[in-house]
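J.: Each protein sequence line maps, in turn, to chains H and U. For the first sequence, this note's numbering begins at 1 and goes up steadily by one. For the second sequence, this note's numbering begins at 1001 and goes up steadily by one.
Source of the hints: derived by calculation from the structure; they are not laboratory data. Because the structure is a prediction, the values reported are computed rather than measured. Hints may be right or wrong, so weigh each one.
Listed next, the in silico DSS-like pairs over lysine-lysine satisfying Cα-Cα at most 30 angstroms (straight line) [stated by the list, open to error]:
no. : chain 1 : residue 1 : chain 2 : residue 2
1   : U       : Lys1079   : U       : Lys1189
2   : U       : Lys1182   : H       : Lys15
3   : U       : Lys1259   : H       : Lys23
4   : H       : Lys99     : H       : Lys15
5   : U       : Lys1079   : H       : Lys15
6   : U       : Lys1115   : U       : Lys1068
7   : U       : Lys1098   : H       : Lys99
8   : U       : Lys1018   : U       : Lys1079
9   : U       : Lys1075   : U       : Lys1189
10  : U       : Lys1189   : U       : Lys1115
11  : U       : Lys1075   : U       : Lys1098
12  : H       : Lys23     : U       : Lys1248
13  : H       : Lys15     : U       : Lys1068
14  : U       : Lys1098   : H       : Lys23
15  : U       : Lys1179   : U       : Lys1248
16  : U       : Lys1115   : H       : Lys23
17  : U       : Lys1158   : U       : Lys1248
18  : U       : Lys1248   : U       : Lys1005
19  : H       : Lys15     : U       : Lys1052
20  : U       : Lys1217   : U       : Lys1189
21  : U       : Lys1068   : U       : Lys1098
22  : U       : Lys1217   : U       : Lys1179
23  : U       : Lys1068   : U       : Lys1052
24  : U       : Lys1098   : U       : Lys1129
25  : U       : Lys1079   : H       : Lys23
26  : H       : Lys23     : U       : Lys1133
27  : U       : Lys1158   : U       : Lys1113
28  : H       : Lys23     : U       : Lys1113
29  : U       : Lys1068   : H       : Lys23
30  : U       : Lys1217   : U       : Lys1113
31  : U       : Lys1158   : U       : Lys1052
32  : U       : Lys1217   : H       : Lys23
33  : U       : Lys1098   : U       : Lys1079
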Amino acid sequence: MTFLNHFGRYVLLLKSLWVRPEKTSIYWREIARQMVEIGVGSVGIVVIVSCFLGAVVTVQTAYQLTSPLISKSIIGSIAANSIILELAPTVTVLILAGKIGSNIASELGTMRISEQIDALEIMGVHSSAYLVLPKIVASTIMIPLLVIVSAFLSIFSGMWVGEFTGVVSKQDFMTGAIQYWIPFMANFALIKAITFGFIISSVSSYFGYYTEGGALEVGRSATRAVVVCCVLILFFDYILAQLLL
Amino acid sequence: MIEVKDLNKSFGSKQILKAISASFEEGKCNLIIGASGSGKTVLMKSIVGLIKVNSGSIIYNNDTDFLKIDDAGRKELRKQIGMLFQGSALFDSLTVEKNVIFPLNMFTNMTYKEKMNRVNECLDRVNLKEANKLFPNELSGGMKKRVGIARAIVMNPKYLFCDEPNSGLDPQTSIVIDKLIKDITDDYKITTIVNTHDMNSVMEIGDYVLFLYNGEKYWEGHRNEIMNASNHQLNDFIFAGRFFREIKEQNNKRLSDEKNN
Ligand SMILES: Nc1ncnc2c1ncn2[C@@H]1O[C@H](COP(=O)(O)OP(=O)(O)OP(=O)(O)O)[C@@H](O)[C@H]1O
Ligand SMILES: [Mg+2]
Chain H
1 MTFLNHFGRY
11 VLLLKSLWVR
21 PEKTSIYWRE
31 IARQMVEIGV
41 GSVGIVVIVS
51 CFLGAVVTVQ
61 TAYQLTSPLI
71 SKSIIGSIAA
81 NSIILELAPT
91 VTVLILAGKI
101 GSNIASELGT
111 MRISEQIDAL
121 EIMGVHSSAY
131 LVLPKIVAST
141 IMIPLLVIVS
151 AFLSIFSGMW
161 VGEFTGVVSK
171 QDFMTGAIQY
181 WIPFMANFAL
191 IKAITFGFII
201 SSVSSYFGYY
211 TEGGALEVGR
221 SATRAVVVCC
231 VLILFFDYIL
241 AQLLL
Chain U
1001 MIEVKDLNKS
1011 FGSKQILKAI
1021 SASFEEGKCN
1031 LIIGASGSGK
1041 TVLMKSIVGL
1051 IKVNSGSIIY
1061 NNDTDFLKID
1071 DAGRKELRKQ
1081 IGMLFQGSAL
1091 FDSLTVEKNV
1101 IFPLNMFTNM
1111 TYKEKMNRVN
1121 ECLDRVNLKE
1131 ANKLFPNELS
1141 GGMKKRVGIA
1151 RAIVMNPKYL
1161 FCDEPNSGLD
1171 PQTSIVIDKL
1181 IKDITDDYKI
1191 TTIVNTHDMN
1201 SVMEIGDYVL
1211 FLYNGEKYWE
1221 GHRNEIMNAS
1231 NHQLNDFIFA
1241 GRFFREIKEQ
1251 NNKRLSDEKN
1261 N
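Work the whole structure out from these sequences, hints included.
T.: Following this line, the structure appears as structure tokens:
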């Protein structure tokens, strides 16, 4: 299928979500369930990734800034800015795309090939709305929250690693981070996270929902979902940077 | 009654259903039989609208053409349809009980107690007790089919569709499932359509039998007529196994003996 075919079908899938729910309470419950699955289920990996990202960016920045003329606090400023602008909202989310995207695509793909989606349709349930909408809502809410957690953790881990390794003291790191702080960066990070949360859930739902064939295709859908999500995240990362910065 | 007229369906250049017309009788067990790959599943899924046909009409209740009604009308009609899928299609993240209660949660305003009563009634109906809290992957094939049937009848449907209810089951369990479908059809006056390639089921429950061969209708009639049908493909299908061949030979022998005497 060509890109346009996929894009057209993707738009139609999104359009099909705008229906009156059969029962609102069930949709709310499903959204809550997905929020727990996507959000709470990803905390572990976010903690691990963020700690390492913060540590690495601090050590590497310090390695580049060897001149005695430059104040140590610059390390904190560069590290914090990179974390908030790129590492937390993009790199962390890329890793989440691998986890959440493959999860969504394989769940829906399995439901498709084992006729569970047909079973929903036969009951009179609007299967795309019931299955996809809660995932998109949950992911668009939870991924920004995870990004906020990730940003804080990365900055703290950067600060502590700087202190322990002796490249920059905690005080210097924080001074730098605060001195060059631009409030819009936080908004920018959130806008990115919301966009990426939507991309991950909707694109992987698309690939899962339209799986055809057998177990092999479920695997393929999951892989394709993750690859396409990653490319789109990087693409929109650039677009948003160009537009908003 | 469900009437299909001139149903055609192709996948790409391959025509799967070729001008199928049939009328499935109200309150009876209607069977669609045919070899593997003859298009039974495609026909059944077309009738319930899971597959879009290329041309033809599907008429429920003498008035609604299923292919022409809008989305809302289709949703309404579907609430009168229950379906058991070839692979059972139970929601594997939900327990047996939650699977069966699902349509009630979605479409009724019954209290939890009323819903549970209905669920247990249906599970009793299919002779499945003490499996409420099990997950689908903890069930045997036959149990899955039963849960599938329970889920299909929980909303009191007017139409019940079963795609190969006894594929993958031993002969004894198959008969139990067949009998169950037959009883449910009679008790609740449901119009039932069953896909099968099991000749035992045909002889047990086939009030009306439609024989598909390569996506074409080759024969239709009552199960009592099937043994003496003269259709060549149908005969090949029925008498592929030795058991039915021998019955037929004995039958013929008895008939000719009677004639000679
Ligand atoms: N989605 C599809 N795309 C392309 N071809 C299909 C599709 N679904 C079914 N077919 C083809 O339609 C034909 C009939 O398939 P169908 O599943 O209806 O057979 P069946 O009679 O149900 O067989 P079985 O008894 O094995 O279940 C097969 O040749 C199959 O290859
Ligand atoms: Mg089939």
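J.: Hint by hint, say whether it matches the structure.
T.: Verification of the supplied hints:
no.: 1; hint: U:Lys1079 / U:Lys1189; result: 16 angstroms, holds
no.: 2; hint: U:Lys1182 / H:Lys15; result: 42 angstroms, violated
no.: 3; hint: U:Lys1259 / H:Lys23; result: 68 angstroms, violated
no.: 4; hint: H:Lys99 / H:Lys15; result: 26 angstroms, holds
no.: 5; hint: U:Lys1079 / H:Lys15; result: 24 angstroms, holds
no.: 6; hint: U:Lys1115 / U:Lys1068; result: 34 angstroms, violated
no.: 7; hint: U:Lys1098 / H:Lys99; result: 27 angstroms, holds
no.: 8; hint: U:Lys1018 / U:Lys1079; result: 29 angstroms, holds
no.: 9; hint: U:Lys1075 / U:Lys1189; result: 22 angstroms, holds
no.: 10; hint: U:Lys1189 / U:Lys1115; result: 22 angstroms, holds
no.: 11; hint: U:Lys1075 / U:Lys1098; result: 22 angstroms, holds
no.: 12; hint: H:Lys23 / U:Lys1248; result: 56 angstroms, violated
no.: 13; hint: H:Lys15 / U:Lys1068; result: 22 angstroms, holds
no.: 14; hint: U:Lys1098 / H:Lys23; result: 17 angstroms, holds
no.: 15; hint: U:Lys1179 / U:Lys1248; result: 24 angstroms, holds
no.: 16; hint: U:Lys1115 / H:Lys23; result: 16 angstroms, holds
no.: 17; hint: U:Lys1158 / U:Lys1248; result: 37 angstroms, violated
no.: 18; hint: U:Lys1248 / U:Lys1005; result: 33 angstroms, violated
no.: 19; hint: H:Lys15 / U:Lys1052; result: 20 angstroms, holds
no.: 20; hint: U:Lys1217 / U:Lys1189; result: 26 angstroms, holds
no.: 21; hint: U:Lys1068 / U:Lys1098; result: 34 angstroms, violated
no.: 22; hint: U:Lys1217 / U:Lys1179; result: 26 angstroms, holds
no.: 23; hint: U:Lys1068 / U:Lys1052; result: 12 angstroms, holds
no.: 24; hint: U:Lys1098 / U:Lys1129; result: 14 angstroms, holds
no.: 25; hint: U:Lys1079 / H:Lys23; result: 15 angstroms, holds
no.: 26; hint: H:Lys23 / U:Lys1133; result: 25 angstroms, holds
no.: 27; hint: U:Lys1158 / U:Lys1113; result: 24 angstroms, holds
no.: 28; hint: H:Lys23 / U:Lys1113; result: 19 angstroms, holds
no.: 29; hint: U:Lys1068 / H:Lys23; result: 26 angstroms, holds
no.: 30; hint: U:Lys1217 / U:Lys1113; result: 47 angstroms, violated
no.: 31; hint: U:Lys1158 / U:Lys1052; result: 22 angstroms, holds
no.: 32; hint: U:Lys1217 / H:Lys23; result: 42 angstroms, violated
no.: 33; hint: U:Lys1098 / U:Lys1079; result: 18 angstroms, holds
Violated hints for the displayed structure, listed by number in ascending order: 2, 3, 6, 12, 17, 18, 21, 30 and 32.
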